[in-house]
Structures are given as structure tokens and as C-alpha cells.
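Could you slot chain S onto chain V? The hints should help.
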Amino acid sequence: MKSALIAFFSGAKAEFIQLKRSPFLIILTIIQAITFIFLVNFFGTTGAFAPTALVDYDKGVYSKKFIQNLQDAHHSFDLKFMDTKSATDAINKGNVVAIITIPKGFSEAISQGKLQTIKVVVNNIDTDMTADIKRALPSAITRFGQDLNLPGIHVEAKESDLINHDTGFIPYLMVSALVLSAFIISGILGAVAVAQEFELGTILLLVSSPVRPLIPLLGRIMTTSVISVFAMLVAVLIVVLGHGVYPVHPLEMFFALLFCIIIFGCIGAALGAAMKRTLPVASLVFGISLPLYLFSGAYEPERFDGSAIWGITHFFPIYYAVGIMEHAVLDLKVTPESVFVNFLALFGFAVLALLTAGFFLRRAVS
Amino acid sequence: MIRGILTLARLDLLSWRRNPLAVTSALIPPITMTLLLLVLSLAVIQQPVALVVKGHGEQTEKMQGIVQSDTDAYINYDFTKNLKPIDAKSAEQKLNNQQVAAIITIPADFDKKVIESKGQVNLTLNNVDIDFSDDIRRSVDRSVAVFDAPSLALEEENAVDPLKNKDQQKAYQNNPYLIHIEESDIRETDVEWLSYQIIPALVLLVLSVGLIGTALLCARDIECKTARYLVVSPQQSWALVTGRLLGGFLASIIVLIPAILLCTLTGTIHPPISHWPALAAILAATALCAAGLGAILGSILKGSRNIAMASSVIATYMYFLGGGFTTISFLPQWLRNLSSFIPMRYAIDGMRQAMFYSTLDGVAKDLTILCLTAVFAIILGSYTIRRSWSN
Numbered sequence: 080m081k082s083a084l085i086a087f088f089s090g091a092k093a094e095f096i097q098l099k100r101s102p103f104l105i106i107l108t109i110i111q112a113i114t115f116i117f118l119v120n121f122f123g124t125t126g127a128f129a130p131t132a133l134v135d136y137d138k139g140v141y142s143k144k145f146i147q148n149l150q151d152a153h154h155s156f157d158l159k160f161m162d163t164k165s166a167t168d169a170i171n172k173g174n175v176v177a178i179i180t181i182p183k184g185f186s187e188a189i190s191q192g193k194l195q196t197i198k199v200v201v202n203n204i205d206t207d208m209t210a211d212i213k214r215a216l217p218s219a220i221t222r223f224g225q226d227l228n229l230p231g232i233h234v235e236a237k238e239s240d241l242i243n244h245d246t247g248f249i250p251y252l253m254v255s256a257l258v259l260s261a262f263i264i265s266g267i268l269g270a271v272a273v274a275q276e277f278e279l280g281t282i283l284l285l286v287s288s289p290v291r292p293l294i295p296l297l298g299r300i301m302t303t304s305v306i307s308v309f310a311m312l313v314a315v316l317i318v319v320l321g322h323g324v325y326p327v328h329p330l331e332m333f334f335a336l337l338f339c340i341i342i343f344g345c346i347g348a349a350l351g352a353a354m355k356r357t358l359p360v361a362s363l364v365f366g367i368s369l370p371l372y373l374f375s376g377a378y379e380p381e382r383f384d385g386s387a388i389w390g391i392t393h394f395f396p397i398y399y400a401v402g403i404m405e406h407a408v409l410d411l412k413v414t415p416e417s418v419f420v421n422f423l424a425l426f427g428f429a430v431l432a433l434l435t436a437g438f439f440l441r442r443a444v445s
Numbered sequence: 101m102i103r104g105i106l107t108l109a110r111l112d113l114l115s116w117r118r119n120p121l122a123v124t125s126a127l128i129p130p131i132t133m134t135l136l137l138l139v140l141s142l143a144v145i146q147q148p149v150a151l152v153v154k155g156h157g158e159q160t161e162k163m164q165g166i167v168q169s170d171t172d173a174y175i176n177y178d179f180t181k182n183l184k185p186i187d188a189k190s191a192e193q194k195l196n197n198q199q200v201a202a203i204i205t206i207p208a209d210f211d212k213k214v215i216e217s218k219g220q221v222n223l224t225l226n227n228v229d230i231d232f233s234d235d236i237r238r239s240v241d242r243s244v245a246v247f248d249a250p251s252l253a254l255e256e257e258n259a260v261d262p263l264k265n266k267d268q269q270k271a272y273q274n275n276p277y278l279i280h281i282e283e284s285d286i287r288e289t290d291v292e293w294l295s296y297q298i299i300p301a302l303v304l305l306v307l308s309v310g311l312i313g314t315a316l317l318c319a320r321d322i323e324c325k326t327a328r329y330l331v332v333s334p335q336q337s338w339a340l341v342t343g344r345l346l347g348g349f350l351a352s353i354i355v356l357i358p359a360i361l362l363c364t365l366t367g368t369i370h371p372p373i374s375h376w377p378a379l380a381a382i383l384a385a386t387a388l389c390a391a392g393l394g395a396i397l398g399s400i401l402k403g404s405r406n407i408a409m410a411s412s413v414i415a416t417y418m419y420f421l422g423g424g425f426t427t428i429s430f431l432p433q434w435l436r437n438l439s440s441f442i443p444m445r446y447a448i449d450g451m452r453q454a455m456f457y458s459t460l461d462g463v464a465k466d467l468t469i470l471c472l473t474a475v476f477a478i479i480l481g482s483y484t485i486r487r488s489w490s491n
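Chains as they are written, first to last, in this note's numbering: chain V, 80 to 445; chain S, 101 to 491.
To be clear, the hints were calculated from the coordinates, so they are not data collected in a lab.
Heads up, a few of these hints could be off.
Keeping only pairs whose Cα atoms sit at most 30 Å apart, straight-line, the calculated DSSO-like set for lysine-lysine is [said to hold, decoys possible]:
(1) 237(V) / 325(S)
(2) 193(V) / 162(S)
(3) 402(S) / 92(V)
(4) 402(S) / 99(V)
(5) 218(S) / 193(V)
(6) 164(V) / 138(V)
(7) 162(S) / 237(V)
(8) 198(V) / 159(V)
(9) 99(V) / 325(S)
Computed from a predicted structure; not experimentally measured.
Chain V with its partners taken away, still in its complex shape (with noise of 0.2 Å):
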């Protein structure tokens, strides 16, 4: 016993010295988790408020009260007020992504109970974009028939919330994007410590050591979940600084990134036992945290994209944390499943990792 624990410090203090003289290696790991922050940042800021040209050629009391109607339309336009010419240049060089011309004599018309047409242009280059426009003027436009009460209206749409606040797309997205952080600073470092000692040819001195060879490699893993650890610190605080998106259940936020942390180091620790080189390992880490993440519910329920996609992301434990995550941060619940079965799943990912690491271990090593 005594001399399996020295082995793991050893390990653990291995990899610290490793780290230590590699840092440009932690702050490379790093910056690829704050990438992924902004990149998702960057990916949500298209998510709503689409800029929009509007041209008042009426400038009366019902094209402001129409206008008005715009701007509460479901967060879909961002609306930037310009002569026909300005906001002609603006489509076509490609600034706003539709053009709506209120017509001079449009509230004349409107208080005299006559039709009036609204000219829009739509630059349809986006289609998730256009989509959301020709959606949201209907919107305003009832909205706004609603608000005169006019005459001829028969029905309304009633609206009732399951939850009783909205959620921004960017703080959702971010949350689940921490996630994502974790799996690529810990699987990558992970996975490099494991590879790096076949690289080096360490591992052959492993073998010949007395105790099992699996012991000193989860001594490194601690060290590179320690170093995961603060670099998620740095991650989590651009988070909540950066954006002002607060944490509801802390405690709940700070075991879901360890368990993370953890389970992802184990499974970049097999997969470095598994490809026994540095550099193709971390490709792969990086290459698949995308498409895991974004079939991972990062963006909306998984649920919601069909049964057999949902089915799936059962077997990759981002699925159980984001589920987690977007609990304890928004207090929302995006997984039919309750958090106490997201902490047990992700338990059993835990130990499903280390057992795959130390199988692919054994094998490399023999």
C-alpha cells in the first residue's frame, strides 16, 4: 500500500515537474477553453436581434406605435433607423439583413381604417435569419392590430411560460460551452501526459517497476485535473464576470466541473494509452469536442431534436453535464432526467473511464 502511494505522488510530482518546465503548454490548453467561450459567444450573438433597416417616410403617431411593435417582436430585430439610399448600400453591403419602408400617409391611412402595404427587402443569404423575419413581422403586425384594437380581429395568441423568467441564448450557451472547456483543458492535458510516456519510452521503465504501471499514470492524471482545475477557474470567470451570468446553486456548478474534470482526464488518459502519441491525441480531443458538444444539448433540450438523436447522446457524459450545469447556473431543467441521476451517470462515466484507461493500459503496456 505504502508503495503504491509513493508511485502515485511520484507520478503526480512527475507531471507537475513536466508541466512546469511546458508552460506554454498550459497556457496554449488555456486559451483553446477561452476559445471555445468566445467562439459560442460569437456563434449566439446571430441567434437574435437580426439588424434591420428601417426607412419612416411617415414619421406619425402609428408608424411609431408600429415601430414600437418591431422592436418588442420576440428579440428579432435590431433596428437602425436610415434614409432609402443608407440602407440600400447597408444590404446590399451586406450590414443589415432586410430593409422595412414604412410608407408616407401610413398613419393617415391606418386612422382612416384603409390598408397599407409595408415594402420589405430581404438580403436571404442566411436563410435561419430570413426565416425569423417573415416571421416576426406577422408578429408585430398582430401585435399591433391588437394594441388599436381594431376592428375585424377575431383571435389572439395566449401565452403561458413553464418557467417564469427568459433565458438569453448567449448565457445557455455559455454555460453548456464550460462544459465543453473542461473536456478539451482535461482531456488534452489528460491525454498528452499518458501518450507522452510512450513517446518518451518511460513506460518501459513503468513496467519494470514493482508496482502496477497504472498507478504512477493516475498520479499524473491528478496532477493534470489539479492544473484543469485552476485553468477552468479562468474559464468560469470570464463567464461571470464577462457576461454577469451568476451562478444559482454555486456548490452544484463546482462538483459538476470536477466530476468533469475528472472523468475527462480518465478518458483522455485512455485515449493517450490507446494512440501512444502526443500529437494525433490532442487533434482528436479537439476535433471531436465540437460536434459532442453541439449534440450535447449545449444549445436547446436534446430532446427537442428527436428521440433517436436524444437516444444517442446518452453515451457521452456532456450530455448528463450540461444537464447538470444548466441547473446549477440558470436553474433550468434541459434533461428529462433529475440532476441527482445526472451526478450518478456522470459517477458511472467516472469509473467507466478510469477502468477503459487502465484496460487500454494494461494493453498498451503489455
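Showing chain S alone in chain V's frame:
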């Protein structure tokens, strides 16, 4: 001289062939990205909702028909195209189990209330984030609008002159909201989503292979101390440097050719024949940029781990900021300004223009910027390679 250049280029390509792990590491990011695009292209974009129809009558049926016909917005809870009404209890159960994102309910007294102009369509929404919640809200509002004003449902592509089409004329005039939309799109295109998105994946392939490949070859010479043989070689150093960059460039092209062939054979890309030279020039300039950047990276950084990580970070930033996953034009101004310094943006823009449009407007500008970047990267890369050999 030429022989010296070609010899080193050939040697580098052989080193590549003998090092499948390096090839794999360069191919993993573009391959996973392509797989992701394939899956996303097959995935549905509509939101699953449950439709509950509690009453009977002409108005109820009309409202039900409007909701069911909006197949762009809604999909059934079992992911079949047609929205089928279910009972309220099952709908609630599906909402709680996250099988649906919302329940649209047409109440039992809908017909009666419509006569009193007090009809309501109830929406119960799982509003975990505004991205999809707002999509559903807009869609339900549109369905409600169409009930009283059918002209608000008209899509631009279906638009017919109201003066010529009687039904449409009636729909146009029957609009209690008093606002009619006349929509026109600024471009006509029938480009499939996958074809549009595969362009950045091809650029990522060239970038990843050129960048990682050249960087690793440069690093290997330093790590294995073979750089000293290059220094004492009778060949002029610029010829050897050119050979190294040519090796990286050729590696990108060798990987790219089967990818382009595959895309062409499957019909994913089908540019006009006259645009192929422009496309080839853009890809060649991109490969040269990647080789130059790889040379800089491989000569400055030490260790394959650091190079692999740094290459991944650089390739990721270039891919995303170059418009790999979103439309740059619609981003905030500061991001667009930042993007204008990313050479891959010009590669992606130029390739899309050459692939999907009848003219080559703007391609000359994109190509000029790419070529200038390539020249700059090659000069700087050559300098750093030569310096790393001397050290």
C-alpha cells in the same frame, strides 16, 4: 537548383507518408467538421409541438388547418411532418418529458369566442432559452395573424399579382390588421445548405493540412537535429526553404484533390466550368498561406505538442472568424472588422462566389488579398525557417 527544391519537397512528402499519425491529426478537425455538417443538414429545424384541439366547428377547423399547414415552423411530437392533434393530458406529459417544446391549444369554446371577436389560441411554452422559444412565439403569432388576414401567410416565392389572382385579391383585401407586407428577396439562389457550408470545410482541410504539416516538418528538423545537415548542404538555403514550403503546399493539394472529386461526384459542389480556374487559384493561394503560416509556427515553437495545440487554436480562429459557421455580414461591427484581417474569410467568400453565383464579382479582390497574404507568410516563414536552422 530546381532539383534541390524538388528533392526536399519529395522528402517532406515521404516523411508525411511515413507518419500517418501526423496526417491523421491534420485531418481530424476537417473530417469531424464535415461529419457535423452532414448530420446538421439531415437534422430538422422545426420545433416539436403538440396540438390540442378541444372543440369542434368551422372556425376551430380553420385554425387547426392553419397551424397544421405551417410545416416550416412546427413538427409533430413523433417528428413526423404532419401535426396530429392529441389530448391535453398526453400533451402535458410530453411537455414535461421534453418530447415537445410547446403545446398549442385551440379551446373548446373557440367557435363561440370567435363570433364575439374574443377567440384565443393558447400557447404553453417550455421557455428554457429565447432562441427556440422566440421561434415558436413568432410562429404562433403568424398563425393567429393568418386566421384573420390570410395575405400575411403569403411567401415571396408564391406571391402573385393581387390584381390578377382573384383568391389572392380577396385575401389581400380581407386584412383587419390594415398592414400588408410586400416582400422581395435580393438574391435568387437554390443552393442547398450542405453545399453552402461545405466550402468552409474544404478551406479548413487545406488550412489544417498545410499548417500542421509544414509546422511539424519544420519542428522535426529542429528536434531530430537534421537541420544542421540542411545548413551544410551545398544547396542554397533559399532553395531548401522553397522545397520545404513546396512540400507543405503539395501535401495540402494532395489531400484536397480527392475531397474535391468526392464533392463533385456526389453533386455537393457543381460550379460553372468557367469558374474552375478561379477556384483553383483561390485554393492554391490558401494552401500557400497555410504553408507559410505553418513554417512560421514550426520554426518559432518548440515541441510537437505545442505545435499541435497552437495549430488547432489558429485553425479554429481562422475558420470561425473567416465565416466558417456563420454569416460574417450580420455580426457586430467590431467582429466584422476583426474578420477582415483573417485571410480565410477571403478564401471562403471567393469560393462561395465562384461556386454559387453566375459572375465572379469580388473574386479578384479576394484572390489579391489571399495572394498578398501568401507572399507575406512565405517571406516571413522562409526567414524564420532559415533562422531556426542556423540556431
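So if I understand the rule, the pair passes when the alpha-carbon distance is 30 Å or less; does residue 162(S) with residue 237(V) pass? 18 Å, holds
Can the restraint linking residue 402(S) and residue 99(V) be considered satisfied, given a maximum Cα separation of 30 Å? Holds. Residue 402(S) to residue 99(V) sits at ~15 Å (cutoff 30 Å).
Are residue 193(V) and residue 162(S) close enough, with their CA atoms no more than 30 Å apart? Holds - the C-alpha atoms of residue 162(S) and residue 193(V) are around 26 Å apart, at most 30 Å.
Assess, step by step, whether the Cα of residue 218(S) is no farther than 30 Å from the Cα of residue 193(V), and give holds or violated. With a Cα-Cα distance of about 23 Å, the restraint between residue 218(S) and residue 193(V) holds, given a limit of 30 Å.
Given the proposed pairing of residue 99(V) with residue 325(S), does the C-alpha separation stay at or below 30 Å? 25 Å, holds
Residue 237(V) paired with residue 325(S) [C-alpha distance capped at 30 Å]: Not satisfied, since the Cα-Cα distance of roughly 74 Å exceeds 30 Å.
Regarding the pair residue 402(S) and residue 92(V), is the alpha-carbon distance no greater than 30 Å? The hint holds at about 23 Å.
Pair hint residue 164(V) and residue 138(V), alpha-carbon separation not exceeding 30 Å: Status holds; Cα separation ~18 Å.
Under the criterion that the straight-line Cα-Cα distance not exceed 30 Å, is the pair residue 198(V), residue 159(V) satisfied? 16 Å, holds
Comparing the model with each numbered hint stated earlier shows that hint 1 is the single one that does not hold.
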